[in-house]
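Sequence order for the protein chains is A and B. First residue of the first sequence? That's 1 in this note's numbering, and the numbers climb one at a time after it. First residue of the second sequence? That's 1 in this note's numbering, and the numbers climb one at a time after it.
Think of the hints as simulated: they come from the structure by calculation, not from any bench. Take the hints with a grain of salt, since some may be wrong.
Straight-line Cα separation of at most 27 Å, DSS-like style, residue types lysine-lysine; simulated pairs [unchecked claim]:
1) B:K117 to A:K140
2) B:K177 to B:K293
3) A:K520 to A:K246
4) B:K235 to B:K278
5) A:K24 to A:K198
6) A:K294 to B:K177
7) B:K177 to A:K370
8) B:K157 to B:K293
9) B:K293 to A:K294
10) A:K430 to A:K453
11) B:K248 to B:K267
12) A:K145 to B:K117
13) B:K248 to A:K294
14) B:K95 to B:K203
15) A:K14 to A:K24
16) B:K150 to A:K370
17) B:K154 to A:K370
18) B:K278 to A:K294
19) A:K267 to B:K248
20) A:K88 to A:K64
21) A:K505 to A:K370
22) A:K483 to B:K43
Some, not all, of what chain B presents toward chain A, calculated at C-beta under 8 Å [said to hold, decoys possible]:
23) I167
24) S169
25) I193
26) T222
Partial pick of chain B residues on the chain A-facing surface, computed with a CB cut under 8 Å [said to hold, decoys possible]:
27) L129
28) G246
29) K248
In this text the structure is predicted, and so the values were computed from the model without any measurement. Cβ atoms here follow ideal geometry from the backbone N, Cα and C, with glycine treated the same way.
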Amino acid sequence: MARLFEYQGKEILKRAGFTIPDGKVCTSPEETEETAKKLGGTVAVKAQVWVTGRKAKGLIRFCKTPEAAREAAEELLGQVVNNFPIEKLLVEKLLEVDRELFAAIIIDDAEAQPVVIFSSLGGSGIEETARKHPEAVARKHIDLKVGLRDFEARELVRKTTLDRSHYNKAAATLVKLYKAARLTETRSIEINPLIITKDGQWVAADCHATVDDYAVFRHPELGIEIARELDHPITTLERLAYGVEKSDYRGTFYFFQIIQDIPEAGKNTQGEDIIGFHGAGGGGSMISMDSLGKTNFAIANFCDTSGNPPASKVYRAAKIILAQGPIRGYFASGSGVASQEQFHSARGFLKAFRELGLSVPAVIRLGGNKEEVAIEILKTHLADIGVPVEAYGKDDSAVSCAERLRALVDGGPYSPIGPDPISNPDPPEKPYAFKTLTGQWTVDHAKCASCDKKPCVDACHPNILELDDGKVVLNITAEEAAKGRCTECLACEIACWAEAKKAIKIDLPIPGLDEYLAEKEVVQEVS
Amino acid sequence: MSILVNKDSRVCVQGITGREGMTRARLMTEYGTSVVAGVTPGKGGQEVLDVPVFDTMFEAMAATKDQGGIDISVLFIPAPLVKSAAIEAIEAGVKFLVIVPDRVPIWDVMEIADAAKEYEASFLGPNTLGCLSVDQAVLGMMGGTARSAKDFFKPGKVGVSSRSGGITSSIAYYLSKAGIGLTTICHVGGDVIIGLPHSEVVKRFQEDPETEVIVMFGEIGTSQEERVADLMMKKEVTKPVVAYIGGKGAKEGTRFSHAGAIIEGGKGTREGKIQALKAAGAHLVEDFVDIPKVTSEVLKSLEKPE
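Work the whole structure out from these sequences, hints included.
And the structure:
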């Protein structure tokens, strides 16, 4: 679930009509000082981080003067909290508190319903309050059809120790909060504390909110760039991977890095070999990762390409995995008995490995529907690349495949042949090209004319290629091909390079990857 | 016997004229599923695979009423449109839905759940590969082609409930290969909120006279496995449960590709689930490959005379 910072949560509340403290998001000590001066009096300088209990951890500072605020900012900015550096501070005018309350709307997964929780005691964690002062806390499931109605909210707050003079205001606040949650599709939204000031105002002094990842597309107003939860700041490769996933609706591609800087030797401090991991299916990926536990490997990344992805998506995933750095092996393994045709993934691996010139051993376990075709593809076309690539199917367990990779990694050194000419073919003399959903298909008709086999046409599963005067062309419109009739299965390219004139080239760019690799090289040279 | 679907179930495919819907409708039919109607708004009047296509679910219900109506609807529809299609099916009177697509927004799923409750319907998914009753019928995409599904899954006495689609078919295949046949295999879906979590599927296996042993694939996150343990404690489930829980190497706060697979605030841990299930008398499997062995032992112990 996409986590929001306090200031983002407060923006939701503000749009819903809540009063929030006067303040501003600051990113430098100067700005903090300036803001404190403008606000006047004592200010709270609050680090924008995803942890609770910030006050006790020194991540919220109360500053009486602008200079003190500046000093606090200097101390806080850049500090690393749970792997994330503090980049933003929320600087707010201090409130004169009369009373602290708690209000939240969260989703109860087991009941498939939202729950409203209210407490007449705020400030500390709600679980602790519920334990120590159960009489102060009330909760209620909300009927989605009618939402939270004011009389229901009044009945709820009546069950707490709140003074009855506040019932109406508290009920209205809860109704407003529910509407905000519903509108923004939050998984949880919590105001703690909800403050009644000495002059009788109700102010949301803090806000924790998470938003449903699947609903982020409906909420551009939230400005969530990547609807994915990570335990570290997003890396360049993760950003690129997310871009690939976003621009191709076919299948799912999930990627995150576990080891973000792979040492040159490809080993971690415990001396374990670091390998790239490529799973298929959520559960299968999990089990496959578990299966590596006993083989003395460290895993560079988690990756899952599933939901029947096209070969092009698997190709891009493999390229991103290999771009991580000097890994010592490549392990691909899914559930073992997939319902999807496995040869799509095989072709994706094949193209990536040949183009990039795989330099480490790989074990690819592609079990399930049409696995014999998939295994055959890998065995036939990767036998000559100078490093072993072994392919297995459903009757080979993830554990035994992990053991094979161990043996292969220990069995080196190997002499990889390096990138295939396919990665950089001569410019075509007589190009014929069309756009695919995520790339471009090109053939050199000058080479094509001398081919008497045309295995590309036979290999084309969606049947969109035909011969016209001895040359291969589309038999549908270019528009149809670009819309997805060309499924980017890569079969024509592989057939052309293996059996014919090496005339077809399918370009499947990953925007930003070349720049990433170039920059990395520069850094390595400097160091 | 079986749960959720059998050879007589009358099935509708919502989104039957789409790429995925059409392919899957064909594969389901080939395996033995009785697909009697399809629905795509604006495409009514056509036929797909000799199946009549209707514009709305109400129309499909009315048109098929004399032959026995529609028992089940399988949805192959883009995620943002799922809510409307699912509630349409429920209000039209369909009692069981299979919601295949992933990325259905959680508030939409809650509305579907709400409608299902009101109309006494239930649904599998979202984000499910579906379910399959061996040699009878398949809903969704379980098993791939009819031929591979027939090859992979053999009939027998074991029911499978899994949080992962691929693992559902894996377990079913490895059991069949070891000579252990199956009743129904079911992928509950990978999301946080799903219509039929493990606990609901297990209850149905409990009621199914043919199912003797239940194999469950659990994952970190959610409270589904704990709820199965509760049912066993309360003796609402008395059939033996063989369980494997994945996510040994998962750190707290790391979400895998299943939206439901995360440990948050110390809840939903692998250890917690294993403890709860063990205490309830389930047979926990430590290594995935040992599932057939353990299941076979459990089946044998059932054969022993009292």
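Okay, the hints, checked on the actual structure:
1. B:K117 to A:K140: holds, 18 Å
2. B:K177 to B:K293: holds, 11 Å
3. A:K520 to A:K246: Holds, at roughly 25 Å.
4. B:K235 to B:K278: OK: K235 of chain B and K278 of chain B at ~14 Å, within 27 Å.
5. A:K24 to A:K198: The hint holds at about 23 Å.
6. A:K294 to B:K177: Status holds; Cα separation ~26 Å.
7. B:K177 to A:K370: holds, 18 Å
8. B:K157 to B:K293: holds, 15 Å
9. B:K293 to A:K294: holds, 21 Å
10. A:K430 to A:K453: holds, 19 Å
11. B:K248 to B:K267: Holds, because 15 Å separates the two Cα atoms, which is no more than 27 Å.
12. A:K145 to B:K117: holds, 12 Å
13. B:K248 to A:K294: Roughly 12 Å between the alpha carbons, so the hint for K248 of chain B and K294 of chain A holds.
14. B:K95 to B:K203: Distance ~17 Å between K95 of chain B and K203 of chain B Cα, so the pair holds.
15. A:K14 to A:K24: holds, 13 Å
16. B:K150 to A:K370: Roughly 14 Å between the alpha carbons, so the hint for K150 of chain B and K370 of chain A holds.
17. B:K154 to A:K370: holds, 19 Å
18. B:K278 to A:K294: Measuring from Cα to Cα gives roughly 24 Å; hence the hint holds.
19. A:K267 to B:K248: holds, 22 Å
20. A:K88 to A:K64: holds, 20 Å
21. A:K505 to A:K370: holds, 25 Å
22. A:K483 to B:K43: Roughly 20 Å separates the two Cα atoms, so the pair holds.
23. I167: holds, 4 Å
24. S169: Result: holds, 4 Å to nearest chain A Cβ.
25. I193: For I193 of chain B, the interface hint holds, since the closest Cβ of chain A sits about 5 Å away, which is under 8 Å.
26. T222: holds, 6 Å
27. L129: Where the cut-off is 8 Å and the nearest Cβ of chain A is about 6 Å from L129 of chain B, the hint holds.
28. G246: Hint on G246 of chain B: holds, closest Cβ of chain A at ~4 Å, below 8 Å.
29. K248: holds, 4 Å
Checked against the numbered hints above, the structure violates none of them.
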